[in-house]
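Visitor: If you're matching them up, the sequences are chains A and B in order.
If you read the first sequence in my numbering, its first letter stands for residue 1, the second for the next number, and so on.
If you read the second sequence in my numbering, its first letter stands for residue 362, the second for the next number, and so on.
Since the hints were derived computationally from the structure, they do not count as laboratory data.
Note that beta-carbon positions come from the ideal geometry of N, C-alpha and C, so glycine has one too.
Check the hints yourself; a few may be wrong.
To be verified - Partial selection, computed: residues in chain B whose CB lies under 7 angstroms from chain A:
#	residue
1	Cys406
2	Val441
3	Gln467
4	Ile471
5	Ala473
6	Gly513
7	Gly532
8	Leu533
9	Pro534
10	Gln540
11	Pro605
12	Leu607
13	Gln649
14	His652
15	Arg659
16	Pro669
To be verified - Here chain B is said to cover these stretches of chain A; the calculated rule only asks that three of the stretch's residues, wherever they fall, bring their Cβ under 8 angstroms from a Cβ of chain B:
#	region
17	5 to 11
18	222 to 228
19	240 to 247
20	301 to 313
There are 2 protein chains.
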Amino acid sequence: MSETVTLSVDEVHALAKAALLQQGFADNHATAIANTVTMAERDECRHHGLFRMPFYMNGLWSGQASPSIEPVLTRLAPSVIRVDAGYSFSPLALEAGDAPLAELAQEHGIAALSVVNALNVAALWPEVERLAQRGLVGFAFVAAAPYVAPAGGTRPLYGTNPMAFSWPRDGLPPVVFDQASSASARGEIQIRLRDGKTLPDGWAIGPDGQPTNDPKEALAGAQLPFGGFKGSNIAMMVELLAGPLLGDVLSFEAGARDTANTGAPCGGELVIAMDPAKFLPGGDRKAQLAHAEMLFERITGQTGARLPADRRYEARARSAEFGVKVPKVLHETILSYAAGQAIKERQAYEGDHLTHQNQAR
Amino acid sequence: MSETVTLSVDEVHALAKAALLQQGFADNHATAIANTVTMAERDECRHHGLFRMPFYMNGLWSGQASPSIEPVLTRLAPSVIRVDAGYSFSPLALEAGDAPLAELAQEHGIAALSVVNALNVAALWPEVERLAQRGLVGFAFVAAAPYVAPAGGTRPLYGTNPMAFSWPRDGLPPVVFDQASSASARGEIQIRLRDGKTLPDGWAIGPDGQPTNDPKEALAGAQLPFGGFKGSNIAMMVELLAGPLLGDVLSFEAGARDTANTGAPCGGELVIAMDPAKFLPGGDRKAQLAHAEMLFERITGQTGARLPADRRYEARARSAEFGVKVPKVLHETILSYAAGQAIKERQAYEGDHLTHQNQAR
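Build out the structure end to end from the sequences listed, making use of the hints.
Guide: Here's what the structure looks like:
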């Protein structure tokens with residue numbers, strides 16, 4: 001029903017980048033964030049696309065996100081590298097860690113990248129898809145703010161804590177999944193709130209600990225893990241891998257630190273890369289990938305079953321041909337950022353933030 | 362209702378080992394298998410305990426499992442080692458890889474162990490618990506035989522494909538989970554079949570692709586992944602990590618190879634270890650573990666929520682004090698193995714196997 005504007009993928013990138021630059025992001029950060037937003041919009045992952053632009057701005061306006069700091073890469077151990085994002089948004093730090101991680105995995109067989117002090121409101125599939133495009137197997141784990149109750153509990157503790165995985169293919173886009181350990185992504189609830197829709201059963205409990213279908217109650221209460229205690233265990237694992245393992249925060253700490261309520265939690269992300277050829281004496285990657293195809297054929301050969309990223313790749317092809325549809329209201333908001341007309345909104349935000357800061361003291 | 366025999370934990374080990382030795386396993390294999398079976402029985406993981414003894418015997422009698430081959434360890438890359446089990450059962454190969462993997466992780470920060478050509482009917486938590494007892498974070502992944510349909514599909518393709526994870530604690534037993542990517546472990550269905558019980562909804566479909574509560578129909582049809590498509594993605598990931606990555610088989614290949622229908626699939630297992638101290642500049646493991654305790658406190662502080670391995674640790678304490686209860690029928694079967702009285706059963710098995718071998722030619 002709501003009006004939309006159709007943009008080409010390049011126009012999405014140009015618009016996002018212009019808005020980020022105009023509001024004060026440095027060129028390299030603006031490019032990396034625009035890359036991330038555009039990839040999501042292109043693949044019809046709406047809640048990580050242009051929908052996230054206000055979150056990037058909130059991070060900037062509140063002073064919680066540095067608009068310009070350079071990521072700092074260090075080697076912590078022979079197979080472990082670390083990129084300190086210095087309290088900036090994660091896309092540039094992840095891009096900075098990508099090639100060094102891949103090289104280390106190709107040399108050692110397995111390697112890990114710790115990204116710390118990074119504000120993250122993006123999907124994880126871009127970083128593991130990049131690794132798979134280099135012929136590597138990838139994992140990524142990131143925590144968030146306390147949104148999800150542990151199985152059996154009633155109070156939010158875990159982030160939506162996604163994990164992503166990628167497997168390379170020969171001449172085909174990689175098999176990739178990126179899934180929240182909550183029953184739904186938080187963005188899906190936020191979009192339903194915006195659109196006045198109710199939630200499916202099993203997504204959330206209200207502040208009273210009882211099941212709810214109301215997005216507002218859900219956001220005030222707690223989301224639920226997917227798949228009961230098993231999904232809850234995955235959420236706990238992600239929390240440990242993205243927090244204490246990296247010397248970064250747990251979701252509840254990230255939430256407490258976001259005093260300006262930007263919705264852009266700051267924390268760690270663990271990325272692991274493995275080189276299949278280093279797991280086989282003789283290292284015949286081609287045979288390994290051909291072997292995996294025997295599995296993929298038997299998945300897609302079953303009516304109703306599909307490979308996890310295929311929906312995104314279909315959207316990607318569609319977007320390249322027909323462009324993407326952006327809600328008019330959102331488009332206008334981003335245009336106003338790009339035109340530098342958001343001063344009022346920005347000042348209000350900063351005022352609010354100062355209030356929070358004073359309270360914290 | 363069924364009669365039970367109470368054994369001490371040491372008696373379980375002695376009985377299992379005597380049975381394995383009497384039937385022809387070499388001392389080191391018999392010890393490693395008895396260790397695994399005893400740990401499971403002690404922790405009240407019944408379907409990986411003495412219940413599995415006939416599976417070990419089937420593997421031996423059918424000629425599919427070597428009773429005596431020594432595991433061969435090689436270094437494939439600076440951070441990757443491989444143990445070839447040579448078509449023997451996995452416990453000895455996993456024990457052989459444990460210390461070398463831990464040392465490599467302590468040196469490089471992260472390291473991987475590939476165990477190949479191993480028959481596996483055991484749980485995964487022993488190998489990750491061992492790593493955590495050394496202060497490391499552990500992952501393990503293993504496939505099986507084709508039991509589980511991909512989400513949306515109707516035919517078995519994936520194994521029950523468990524993944525395990527461990528996190529070390531200071532002065533406390535580690536936090537460990539080991540969970541099938543199917544809604545239930547296959548052993549849980551087998552035990553319900555044995556006990557004449559029905560299955561909960563959501564565990565399985567029959568050979569007709571329709572939901573079933575009948576354990577027999579479920580074993581002939583397909584189990585279902587936990588948590589819908591997300592659990593299905595985990596199953597696919599495990600399949601790729603334990604098979605093509607290691608140059609070992611996919612579950613459907615392991616199933617086809619088990620011509621004697623032993624129920625003891627042969628394949629690969631991936632174990633990953635990380636040293637937390639190598640992920641933090643300065644390497645303050647104590648601080649990292651103390652940080653993780655802040656999460657654990659907030660899990661156990663919620664009524665109804667608990668840490669994943671606590672049930673096992675409670676059982677462990679109970680078993681140390683009161684011993685374990687073993688069904689009398691199972692106890693007698695194992696006694697007959699130990700007394701060398703299972704010749705008839707063994708010969709029948711071998712006859713059956715020869716028929717299969719002839720068919721295969």
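Visitor: Checking each numbered hint in turn, tell me which of them this model violates, lowest number first.
Guide: 1, 3, 7, 8, 9, 17
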